[in-house]
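Student: Chain by chain, the residues run as shown.
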Amino acid sequence: MNRIKQIFELKKNILSIYFTAGYPNTDDTIRIAEALEKSGADMLEIGFPYSDPVADGPVIQASSKKSLDQGMTLKLLFEQLKDLRKNVTIPVLLMGYVNPVLQFGVENFCKACAEVGVDGCIVPDLPMVEYEEFYKGCFEEHNLSNVFLITPQTAEERIHKIDGLTNGFIYLLSSSATTGKNLEVGDTTESYFGRIKAMNLKNPTMIGFGISDKQTFDKACAYANGAIIGTAFVKAIEEGNLEESVSGFMKKFKD
Amino acid sequence: MVLTSGLDKKDMKYKVNEKGYYGDFGGAYIPEMLYPNVEELRQNYLKIIDDADFQKEFHQLMKDYVGRPSPLYLANRLSERYGANIFLKREDLNHTGAHKINNTIGQILLAEKLGKKRIIAETGAGQHGVATATVCALRNLECVIYMGEVDIERQAPNVARMKMLGAKVVPASSGSKTLKDATNEAMRDWINNPVDTHYIIGSVVGPHPYPDMVAIFQSIISEETKKQLIAQTGNDQPDYVLACVGGGSNAMGMFYHFMDDENVKLIAVEAAGKGVSSGLSAATTYLGKEGVLHGSRSILMQTEDGQVVEPHSVSAGLDYPGIGPQHAHLFKTGRGKYVSITDEESLDAGLLLTQLEGIIPAIESAHALAYLEKMEFKGGENVVICLSGRGDKDLDTYIKYFNL
Ligand SMILES: Cc1ncc(COP(=O)(O)O)c(C=O)c1O
Chain C
1 MNRIKQIFEL KKNILSIYFT AGYPNTDDTI RIAEALEKSG ADMLEIGFPY SDPVADGPVI
61 QASSKKSLDQ GMTLKLLFEQ LKDLRKNVTI PVLLMGYVNP VLQFGVENFC KACAEVGVDG
121 CIVPDLPMVE YEEFYKGCFE EHNLSNVFLI TPQTAEERIH KIDGLTNGFI YLLSSSATTG
181 KNLEVGDTTE SYFGRIKAMN LKNPTMIGFG ISDKQTFDKA CAYANGAIIG TAFVKAIEEG
241 NLEESVSGFM KKFKD
Chain B
1 MVLTSGLDKK DMKYKVNEKG YYGDFGGAYI PEMLYPNVEE LRQNYLKIID DADFQKEFHQ
61 LMKDYVGRPS PLYLANRLSE RYGANIFLKR EDLNHTGAHK INNTIGQILL AEKLGKKRII
121 AETGAGQHGV ATATVCALRN LECVIYMGEV DIERQAPNVA RMKMLGAKVV PASSGSKTLK
181 DATNEAMRDW INNPVDTHYI IGSVVGPHPY PDMVAIFQSI ISEETKKQLI AQTGNDQPDY
241 VLACVGGGSN AMGMFYHFMD DENVKLIAVE AAGKGVSSGL SAATTYLGKE GVLHGSRSIL
301 MQTEDGQVVE PHSVSAGLDY PGIGPQHAHL FKTGRGKYVS ITDEESLDAG LLLTQLEGII
361 PAIESAHALA YLEKMEFKGG ENVVICLSGR GDKDLDTYIK YFNL
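So the sequence lines, in the order shown, correspond to chains C and B.
Here the first sequence stands for residues 1 to 255, numbered as in the UniProt record's numbering.
Here the second sequence stands for residues 1 to 404, numbered as in the UniProt record's numbering.
Think of the hints as simulated: they come from the structure by calculation, not from any bench.
Incorrect hints may appear among the rest.
As the list claims (entries may be wrong) - Below, a list of computed lysine-lysine pairs in the PhoX-like style, where the Cα atoms sit at most 20 Å apart:
no. : chain 1 : residue 1 : chain 2 : residue 2
1   : B       : 19        : C       : 136
2   : C       : 219       : C       : 11
3   : B       : 19        : C       : 161
4   : C       : 202       : C       : 12
5   : C       : 66        : B       : 177
Let the sequences and hints guide you as you build the complete structure.
Tutor: Encoded structure:
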């Protein structure tokens, strides 16, 4: 069984961490993954960098740029990930933009994911219709989950369609925003989260964008199966000893 | 005069299909955050454009505010030099000095119909920024313009105009700090302001329906040209139609009503920068491959890994690593011929037009003019060139280059 499905059956309040591959240094990808598992992360999202990340705020833009300037490519990432499953047992997703995937070749991409033990993907600018027509077959053949995003503006009918096409979890954006905006749970966010919860979707939900500390994490967990932290983590590992930064960051969420 | 919207262009071979594609190109590759806005546009743009009141208001403004129809001018001394009848479609005489206003008038009226209160746009040369700031002043809407830091410097007069018009100009400081990066920033703004904002994209790029919508608004260029050609030559089909291509909006407007006249040769001129092999170029069809940029599948300059390559052109309006999906389709099908002109060739052509005809062209438009040097004429051919804009904004660049 796909590790993503498994974790949702086993656990509540899932803590998923996003980081940019090849950042701060090219060879840090696996080190970070291993350190995160050791410090109690439940799931990982490894971002493959893109030159024009329109859905990202300044922090992830900067980490992507640095990673690319240092020579990261999708090809190099798959080479690094050959060692992924030596010490990492938790579910791992790749997250990035569609153009690098297209150039790598969809078929090759899915195959490479399966070979290194990646469980799913999040490609925000891959439209549902394209996924259905050209990608779904290939994803399913390689037992890969594909995760779609929804925002407070996503219509109910579309949410049901997304729920039907997804087989992992649904990525619930706390608000329509680029990454790195702080989560402010006001009345409207609460009613949105509540509305989604009441829809009884077949897929679990994870809340992302703007979760930065224990307080916002707990709040998100009240409405979803867990939450995703990206920008706050990427910022935390900018400098200093990598393993210490990772465990120091994760401690904040573990009591 | 009637705008040709999607509803009555069923016979066009090169039109967009129901799925938003031109052959292999187009679509809407956007994150979910942009979906509600783009979908709202998709569902409404043809309905709104075809509405009689909209048409009336659009054409009234085109006539009384923009100053259309723009003249089709037979450039005598230029014609003499090249041995063909060279007609200039004078978009440079439009209010604000370029073709860009055709699109911003159309989109601002559309944004009003959709109930939007805030307008954002990207700009390269600043012409689209000025055209957007202008219509926002006209209709009393808040206006934010994203512009690359490099372009803010090289197009200073336009920055001043935008500010005077009441727009907020926000510098884009990522990447090459030019048009591509300004577009990224505008898209990010739209993601963060999903409810009351309309994004006026300045060219035939972006997710469907933008390429089609912008082409429809710009199609007034070729619609007028056909009538003017009949009046002046008795034949609405010239031998050649030329235009420069950044994203491709003046070219698409110039080509639009000629696309199905297969005996009219369409020539699109891209910016070669310092030469197509120099590493400092914006010749997209020559250097690019198929891929996705800014929401549509098209041709773009990119690495093997799919990272977008920074373009270069002396002209800020052509300094873009992609082209609109409809252009990619015209290129791939061979309907259009895509060529390129270097920085130096374009500046020389700009000076030539100035001294032969007393018209200072935008450096963008000068790229199209420069291609005349490379064409061979038997004599007597009719050639239409889209003079997309005037050169006031480029005086600094001209003066430095020619040591004037
Ligand atoms: C005068 C002029 N011509 C051409 C262009 C290029 O744009 P497009 O290819 O969309 O016509 C610009 C863009 O700023 C411009 O200002």
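Student: Can you confirm whether the C-alpha distance between residue 219 of chain C and residue 11 of chain C stays at or below 20 Å?
Tutor: Roughly 17 Å separates the two Cα atoms, so the pair holds.
Student: Take a quick look at whether residue 66 of chain C and residue 177 of chain B sit within 20 Å of each other, Cα to Cα.
Tutor: Holds: residue 66 of chain C and residue 177 of chain B sit about 16 Å apart, inside 20 Å.
Student: Given the proposed pairing of residue 19 of chain B with residue 161 of chain C, does the C-alpha separation stay at or below 20 Å?
Tutor: Holds, at about 18 Å.
Student: Next pair to validate is residue 202 of chain C with residue 12 of chain C; report whether the Cα-Cα distance is within 20 Å.
Tutor: 16 Å, holds
Student: Does residue 136 of chain C lie within 20 Å of residue 19 of chain B when you go C-alpha to C-alpha?
Tutor: 19 Å, holds
Against the hints set out earlier in the document, no violation occurs for any number.
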